[in-house]
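Number of protein chains: 4
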Amino acid sequence: PPCAASAGMDDGFLMEVCVDSVESAVNAERGGAGRIELCAGLVEGGTTPSMGLLQVVKQCVRVPVFVMIRPRGGDFLYSDREVEVMKADIRLAKLHGADGLVFGALTEDGRIDTELCTALLAVCRPLPVTFHRAFDMVHDPQVALETLISLGFERVLTSGCDSSALEGLSLIKKLAEQAKGRIVVVPGGGITERNLQRILEGSSASEFHCSARSARDSGMKFRNPNVAMGASFSAPEYSVKVADVAKVRTLNAIAKNIL
Amino acid sequence: PPCAASAGMDDGFLMEVCVDSVESAVNAERGGAGRIELCAGLVEGGTTPSMGLLQVVKQCVRVPVFVMIRPRGGDFLYSDREVEVMKADIRLAKLHGADGLVFGALTEDGRIDTELCTALLAVCRPLPVTFHRAFDMVHDPQVALETLISLGFERVLTSGCDSSALEGLSLIKKLAEQAKGRIVVVPGGGITERNLQRILEGSSASEFHCSARSARDSGMKFRNPNVAMGASFSAPEYSVKVADVAKVRTLNAIAKNIL
Amino acid sequence: PPCAASAGMDDGFLMEVCVDSVESAVNAERGGAGRIELCAGLVEGGTTPSMGLLQVVKQCVRVPVFVMIRPRGGDFLYSDREVEVMKADIRLAKLHGADGLVFGALTEDGRIDTELCTALLAVCRPLPVTFHRAFDMVHDPQVALETLISLGFERVLTSGCDSSALEGLSLIKKLAEQAKGRIVVVPGGGITERNLQRILEGSSASEFHCSARSARDSGMKFRNPNVAMGASFSAPEYSVKVADVAKVRTLNAIAKNIL
Amino acid sequence: PPCAASAGMDDGFLMEVCVDSVESAVNAERGGAGRIELCAGLVEGGTTPSMGLLQVVKQCVRVPVFVMIRPRGGDFLYSDREVEVMKADIRLAKLHGADGLVFGALTEDGRIDTELCTALLAVCRPLPVTFHRAFDMVHDPQVALETLISLGFERVLTSGCDSSALEGLSLIKKLAEQAKGRIVVVPGGGITERNLQRILEGSSASEFHCSARSARDSGMKFRNPNVAMGASFSAPEYSVKVADVAKVRTLNAIAKNIL
Numbered sequence: 043p044p045c046a047a048s049a050g051m052d053d054g055f056l057m058e059v060c061v062d063s064v065e066s067a068v069n070a071e072r073g074g075a076g077r078i079e080l081c082a083g084l085v086e087g088g089t090t091p092s093m094g095l096l097q098v099v100k101q102c103v104r105v106p107v108f109v110m111i112r113p114r115g116g117d118f119l120y121s122d123r124e125v126e127v128m129k130a131d132i133r134l135a136k137l138h139g140a141d142g143l144v145f146g147a148l149t150e151d152g153r154i155d156t157e158l159c160t161a162l163l164a165v166c167r168p169l170p171v172t173f174h175r176a177f178d179m180v181h182d183p184q185v186a187l188e189t190l191i192s193l194g195f196e197r198v199l200t201s202g203c204d205s206s207a208l209e210g211l212s213l214i215k216k217l218a219e220q221a222k223g224r225i226v227v228v229p230g231g232g233i234t235e236r237n238l239q240r241i242l243e244g245s246s247a248s249e250f251h252c253s254a255r256s257a258r259d260s261g262m263k264f265r266n267p268n269v270a271m272g273a274s275f276s277a278p279e280y281s282v283k284v285a286d287v288a289k290v291r292t293l294n295a296i297a298k299n300i301l
Numbered sequence: 043p044p045c046a047a048s049a050g051m052d053d054g055f056l057m058e059v060c061v062d063s064v065e066s067a068v069n070a071e072r073g074g075a076g077r078i079e080l081c082a083g084l085v086e087g088g089t090t091p092s093m094g095l096l097q098v099v100k101q102c103v104r105v106p107v108f109v110m111i112r113p114r115g116g117d118f119l120y121s122d123r124e125v126e127v128m129k130a131d132i133r134l135a136k137l138h139g140a141d142g143l144v145f146g147a148l149t150e151d152g153r154i155d156t157e158l159c160t161a162l163l164a165v166c167r168p169l170p171v172t173f174h175r176a177f178d179m180v181h182d183p184q185v186a187l188e189t190l191i192s193l194g195f196e197r198v199l200t201s202g203c204d205s206s207a208l209e210g211l212s213l214i215k216k217l218a219e220q221a222k223g224r225i226v227v228v229p230g231g232g233i234t235e236r237n238l239q240r241i242l243e244g245s246s247a248s249e250f251h252c253s254a255r256s257a258r259d260s261g262m263k264f265r266n267p268n269v270a271m272g273a274s275f276s277a278p279e280y281s282v283k284v285a286d287v288a289k290v291r292t293l294n295a296i297a298k299n300i301l
Numbered sequence: 043p044p045c046a047a048s049a050g051m052d053d054g055f056l057m058e059v060c061v062d063s064v065e066s067a068v069n070a071e072r073g074g075a076g077r078i079e080l081c082a083g084l085v086e087g088g089t090t091p092s093m094g095l096l097q098v099v100k101q102c103v104r105v106p107v108f109v110m111i112r113p114r115g116g117d118f119l120y121s122d123r124e125v126e127v128m129k130a131d132i133r134l135a136k137l138h139g140a141d142g143l144v145f146g147a148l149t150e151d152g153r154i155d156t157e158l159c160t161a162l163l164a165v166c167r168p169l170p171v172t173f174h175r176a177f178d179m180v181h182d183p184q185v186a187l188e189t190l191i192s193l194g195f196e197r198v199l200t201s202g203c204d205s206s207a208l209e210g211l212s213l214i215k216k217l218a219e220q221a222k223g224r225i226v227v228v229p230g231g232g233i234t235e236r237n238l239q240r241i242l243e244g245s246s247a248s249e250f251h252c253s254a255r256s257a258r259d260s261g262m263k264f265r266n267p268n269v270a271m272g273a274s275f276s277a278p279e280y281s282v283k284v285a286d287v288a289k290v291r292t293l294n295a296i297a298k299n300i301l
Numbered sequence: 043p044p045c046a047a048s049a050g051m052d053d054g055f056l057m058e059v060c061v062d063s064v065e066s067a068v069n070a071e072r073g074g075a076g077r078i079e080l081c082a083g084l085v086e087g088g089t090t091p092s093m094g095l096l097q098v099v100k101q102c103v104r105v106p107v108f109v110m111i112r113p114r115g116g117d118f119l120y121s122d123r124e125v126e127v128m129k130a131d132i133r134l135a136k137l138h139g140a141d142g143l144v145f146g147a148l149t150e151d152g153r154i155d156t157e158l159c160t161a162l163l164a165v166c167r168p169l170p171v172t173f174h175r176a177f178d179m180v181h182d183p184q185v186a187l188e189t190l191i192s193l194g195f196e197r198v199l200t201s202g203c204d205s206s207a208l209e210g211l212s213l214i215k216k217l218a219e220q221a222k223g224r225i226v227v228v229p230g231g232g233i234t235e236r237n238l239q240r241i242l243e244g245s246s247a248s249e250f251h252c253s254a255r256s257a258r259d260s261g262m263k264f265r266n267p268n269v270a271m272g273a274s275f276s277a278p279e280y281s282v283k284v285a286d287v288a289k290v291r292t293l294n295a296i297a298k299n300i301l
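Chains as they are written, first to last, in the working numbering: chain P, 43 to 301; chain A, 43 to 301; chain G, 43 to 301; chain B, 43 to 301.
Quick caveat, the hints were computed from the structure, so don't treat them as lab data.
There's no promise every hint is true.
[Unchecked claim] Here are the simulated SDA-like pairs of lysine to any residue, each with C-alpha atoms no more than 20 angstroms apart in a straight line:
1) G:Lys100 x G:His138
2) G:Lys129 x B:Gln101
3) B:Lys215 x A:Gly244
4) G:Lys215 x B:Asn268
[Claimed, not checked] Simulated restraints, written as ranges between beta carbons of each label pair:
5) G:Lys263 x A:Arg265: 20 to 28 angstroms
6) A:Ala295 x B:Asn299: 34 to 42 angstroms
7) A:Ser260 x B:Glu188: 35 to 43 angstroms
8) G:Glu196 x P:His181: 51 to 59 angstroms
9) B:Ala288 x G:Ala295: 54 to 62 angstroms
10) G:Leu193 x A:Val185: 58 to 66 angstroms
Quick reminder that beta carbons are idealized off the backbone N, C-alpha and C, glycines included.
Looking at chain P on its own, in the form it has when it is part of the complex (with noise of 0.2 angstroms):
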């Protein structure tokens, strides 16, 4: 079956490689990813990505693909039009053969928006839908951990409310054991292969979240170092982060002898 290397549930654990590449895509399942999550612009966290590169990544990909939801970085708290947005995208997501959503929506008080999800919910169905690591931002994890239940979210993506899933890993922990297997924890946020073993035996995670990336100099050979397409710091114009077969392998490995 083409899905037999991928790390898959038989392995008795998941990887998720989230990926804003056809080339990333195609890496993270070489080196064993279960699953894709697709994303436009990593280095903002994250945001909807483009119809187009869903189609192309499902026609070279065979594990699930889960669809990132986010109309731009910053804050969780969506306006009326930017909710319009979000409910169009996951529309034409399941149209063109999304496996799953993700996305996340809080209140001002840093509280699960559960009007709003409820109503995104309903556009997603019958697809998995994961709640965004926006669960980071929120105000009491242990009660809102409860709220994404009630909602019948899947999963949760969580650094544990920290700035990264080994900074955050005692509160995965407690999540973990909160849910009692009504909601799968995923632990993500700067893991690596120097972190992974300690995360997986930390949280008793059977399923985890990572890019994988490395830095790639770009193929151009003329260069023009007086011009910056954005934010100067943001995005060196000559150098692409992809994900790396051999560190998608890495991760896999470790996880493996510890799942």
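Please build the complex by placing chains A, G and B on the supplied structure of chain P, with the hints as guidance.
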């Protein structure tokens, strides 16, 4: 007529505002923009927007909406897979109401990639197409301009191969003179209320491109300072940049006085 | 006695706070720091402070002040002229009351530069000297540690050759065990109230290094948003980072409970 | 005479190069700079350099060296303790051979802090003093200029209260006309080989300020990509920016042709 207030060609000039949200698109039109360039991720200089964003923007504004086709930040040297994504996105953008398209493609030695441009233009037609500010990364701008004209691009966006339109003003003027109306040379890059007059007077341009944004604080009352979604300096979680009606109006008024 | 409240070795542990202002130095002492590491430019990871800063800090705090000797940001491969600057700064720092010094020097292949360290140590003596977190850039940390011991450094600051002390914790522990008291291995890099306990328990360290800062808005009422003094994303003009008494106290209390 | 090659007032104009290393200072003089502005931390816009740096620079160059007195990045509203540091640094800089000083001080409402300037000027005398580009942060530049003249500053560095000297050129010209030789208005901020001619012609300035740097790759062969010393986007560990003799020469030649 709905567009009466906009900076259409009736006034002798046209202001294009690049936006990455519905709010910015609406503000741009309200402030007098004659055309919208629709993007995602302006922090990276603009990438392909989601089709949901295009759908909702088309419902909210009446001025023409040109859609950015750029599958990622960084350089303009594309792999075959990226080209497939770009073609798919062009088709989808046309399907969802795009009034024009914007892309750029270079060879590794800094020339216009004529083969790829020809292929992409074929998918774009009959819509008008603007060559992206990728132009500022070419080795020989005068030669590149002739290439774009022979390929049939309607417009080229440029900051004169320098860090901003003001910095590159003398080259912009030269290019406009060389073009002799065969292609519209659109100055863009760092245009503000303070430099627009000089740029218009110095380039004799009849169209210009700007974002006219100001930063707005997030509406979130509860904030977690320990967590960032993306790269640390690139995109503050609690600040949103939006096109500003007043700024758009001011730029519009300055241009009216000159052109 | 004035230092009674400070986290001296009487409590079995010592907290070092790196500061780049008098206010931070005073706050650090007030919060219980047992030692100050005095720097300029913490945004670059700390460089040689001005002697005026050292003079005033020495008038305001009673805990020992160790002075950073690092002539610029970036790597730790120094030219002959930079070495002359470092030697001159060591002499001046001793003259103006430094209680210890901090520097790092590597060879291009990632080893400790023994020749240069020997020469600089000679200028520093009889003061105690800490080897800088440049240590995290070495090729073989175990070999490098033996080199530092044989050179006679009193301390080495390290995040375990990883992005933070928590990430590099297992290596920090290994190094501390290898050191067997021949040099003090001081964990530092990203230490917060949320991870200090784990770092101390996981490393068995008796000293640790942190900045304990929080951002404070500028006191300026009139602001010019169009001007930035430095690189655009690096140092917001209207926000100042200062060591926070409360943070220092919390870290101090956590350490006291463990050590 | 040693300064024969430098861009002294004999040629009718003077190029000041801001540097933060001995290498840059030497390169600046070699390229024809008539004066050095000595700083640390140019990534933050320049802060007070170490006295060791001043000592060595004074041994290596013959052109006048003006010393930056700025105790930190950020705004120009100083606490009493910061003022003590500044005074101490001024005294030390004079002691170690400074040929002039550079500082700026504002009130919270964006006026020149006359009381503090008077006090600091008293410590600086008899050396010449330049008011820092803090000037670009004032509320009313015309009023502020008169204040500086009445206080007795010899020079003021300005980008015309805009993001670069080219952007603020019309205000620079106005200020120079208003000054009528009572103070030297020195344009600075983003000056390049490509815009110097316009800035000199547009401002009628007889002095200008630039850094003329290019990035140089680190000499380190072994590199640890997992560790950064400072804030992630601010200061690449393996790249050094240094004043470039060729750039300094080119700027010098451009100025000579005009002035």
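Violated hints - listed by number, lowest first:
8
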